[in-house]
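Protein chains: 2
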Amino acid sequence: MSDTQSFTTPETGISCGTSRIAGCRFSLHPMTDQFVSLIKGAIEEVDTSKTWRFTDDVSTCVRGREEHVFDVVKAMVLHTSKTGAHVALNATFSIGCPGDTEGDSYMAEDDVRLNEPAIKHLKQYVSSQFALYPMGDSDYMATIMAQVDTAQKHGTLKKGVHYASGLHGDIHDVFNTLEEAFQQAQQSKSSHIVMTVNMSINSPSHKEETN
Amino acid sequence: MSDTQSFTTPETGISCGTSRIAGCRFSLHPMTDQFVSLIKGAIEEVDTSKTWRFTDDVSTCVRGREEHVFDVVKAMVLHTSKTGAHVALNATFSIGCPGDTEGDSYMAEDDVRLNEPAIKHLKQYVSSQFALYPMGDSDYMATIMAQVDTAQKHGTLKKGVHYASGLHGDIHDVFNTLEEAFQQAQQSKSSHIVMTVNMSINSPSHKEETN
Numbered sequence: 024m025s026d027t028q029s030f031t032t033p034e035t036g037i038s039c040g041t042s043r044i045a046g047c048r049f050s051l052h053p054m055t056d057q058f059v060s061l062i063k064g065a066i067e068e069v070d071t072s073k074t075w076r077f078t079d080d081v082s083t084c085v086r087g088r089e090e091h092v093f094d095v096v097k098a099m100v101l102h103t104s105k106t107g108a109h110v111a112l113n114a115t116f117s118i119g120c121p122g123d124t125e126g127d128s129y130m131a132e133d134d135v136r137l138n139e140p141a142i143k144h145l146k147q148y149v150s151s152q153f154a155l156y157p158m159g160d161s162d163y164m165a166t167i168m169a170q171v172d173t174a175q176k177h178g179t180l181k182k183g184v185h186y187a188s189g190l191h192g193d194i195h196d197v198f199n200t201l202e203e204a205f206q207q208a209q210q211s212k213s214s215h216i217v218m219t220v221n222m223s224i225n226s227p228s229h230k231e232e233t234n
Numbered sequence: 024m025s026d027t028q029s030f031t032t033p034e035t036g037i038s039c040g041t042s043r044i045a046g047c048r049f050s051l052h053p054m055t056d057q058f059v060s061l062i063k064g065a066i067e068e069v070d071t072s073k074t075w076r077f078t079d080d081v082s083t084c085v086r087g088r089e090e091h092v093f094d095v096v097k098a099m100v101l102h103t104s105k106t107g108a109h110v111a112l113n114a115t116f117s118i119g120c121p122g123d124t125e126g127d128s129y130m131a132e133d134d135v136r137l138n139e140p141a142i143k144h145l146k147q148y149v150s151s152q153f154a155l156y157p158m159g160d161s162d163y164m165a166t167i168m169a170q171v172d173t174a175q176k177h178g179t180l181k182k183g184v185h186y187a188s189g190l191h192g193d194i195h196d197v198f199n200t201l202e203e204a205f206q207q208a209q210q211s212k213s214s215h216i217v218m219t220v221n222m223s224i225n226s227p228s229h230k231e232e233t234n
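For the protein sequence lines, the chains are F and W, in the order given.
For what it's worth, the working numbering labels the leading residue of the first sequence as 24, then goes sequentially.
For what it's worth, the working numbering labels the leading residue of the second sequence as 24, then goes sequentially.
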């Protein structure tokens, strides 16, 4: 349970006390015969050295400081989708999960994002759906609704759908929304926050929206 | 909130009082240039007439009685994967979500699964990861652990990973595990159960395991 004990202080970006490690389990699905080479190419371009990483036959898990987890996932998506292929991302972000502390050593890293310089100028329209699950708190619906408001403020909210909220726009705006919603939800009574994200990129069905 | 008020009685399979509608938001990702025709072909083969269904640019949502929701999702997966294509499923099952009641009329359907006869003889190895989120209950970890035990009893549990549990084996065994875990979790204090599932099928990385 040691990963549930403390927070990174927002003022300094330095983690204090026992680490509060974040993580993301994700899969990228390029809908092309060249899916293997696309994924391998992206892996070569993404710097994951500030995160613990493990890939199995279903998904990849990265763990470490929140900013590096988001940095790695966004970079993987962009380096795959810049090829023009239709790509889907499925991701589950989590923080405060009672469990083991594998990768805790990565909490000592600084807050400089390794991949942002190479990707910040890449434009990419994405359509996505996200859902927040603040665990162990009877007032969880209020936390969820507050973060739908966060998306509204960012201008990325598309609309609510069953079991999720739609976000769309440029990938950087959408990821900023997701990261802020994930952070803000941690200010609730829940110490364990889960956020699922499904993203569709370069879909044939997006052409009307973006042209 | 009307979909949180009552349960389907296990003895009769008949829903009583206000409906307890289940739902699943899912996406199928065939990793081939022919992804559009594969999905369209599967849609033509699956009978969704006992469920409410809506597809947007990111995912498809089906709602109705639990058994029909699972029947439709399994059939969509099998009719897509029987082509031999590498296919990934991402699905979020939910019941008891406070929200609207769209599709409630489908709760009056009987319990005869429309797609099972056409798919029950199809064999398919799948590797998957699932996670349960029993909402609004401080004792949620006990509910999760009990359902990992359910998977152990089914013989489909592969191993626990960060933020999920691995299930693998024949698709029918894996879906039986998922459906039972989802049902059993509803016996907890939580009235709102969410279950995410990621499934990888016909992956090049499975060849060693299945041959």
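Some hints could be false.
No distinction is drawn between identical chains; accordingly, a pair holds when it is met within one copy or between any pair of copies.
Mimicking DSS-like on lysine-lysine, the simulated pairs with C-alpha atoms at most 30 Å apart in a straight line are [stated by the list, open to error]:
id: 1; residue 1: 212; residue 2: 105
id: 2; residue 1: 212; residue 2: 63
id: 3; residue 1: 63; residue 2: 176
id: 4; residue 1: 182; residue 2: 63
id: 5; residue 1: 212; residue 2: 146
id: 6; residue 1: 212; residue 2: 143
id: 7; residue 1: 63; residue 2: 105
id: 8; residue 1: 181; residue 2: 105
Derived by calculation from the structure, the hints in this document are not laboratory data.
Give the relationship of residue 212 and residue 105 under a CA distance limit of 30 Å: within one copy only, between copies only, both, or neither.
neither (39 Å within a copy, 46 Å between copies)
Intra/inter-copy verdict for residue 63 and residue 176 if alpha-carbon distance must be at most 30 Å:
Neither. Shortest intra-copy (36 Å) and inter-copy (37 Å) distances fail the 30 Å Cα cut-off.
Regarding residue 212 and residue 143, is the shortest C-alpha distance of 30 Å or less found within a copy, between copies, in both, or in neither?
neither (34 Å within a copy, 45 Å between copies)
30 Å Cα threshold - placement of residue 105 relative to residue 63:
both (14 Å within a copy, 26 Å between copies)
Residue 181 and residue 105: within-copy, between-copy, both or neither at 30 Å Cα:
within (23 Å within a copy, 35 Å between copies)
Indicate which option fits the pair residue 182, residue 63 if close means a Cα-Cα distance not exceeding 30 Å: within, between, both or neither.
So residue 182 and residue 63 pass the 30 Å test across copies only (26 Å; inside, 34 Å).
Copy assignment of residue 212 with residue 63, given that the CA separation must stay at most 30 Å:
Neither way: residue 212 and residue 63 sit 40 Å apart in one copy and 44 Å across, limit 30 Å.
For residue 212 and residue 146, with the copy left unspecified, which applies at a CA distance of at most 30 Å: within, between, both, or neither?
Result: close neither inside a copy nor across copies, 36 Å intra and 46 Å inter.
Comparing the model with each numbered hint stated earlier shows that hints 1, 2, 3, 5, 6 do not hold.
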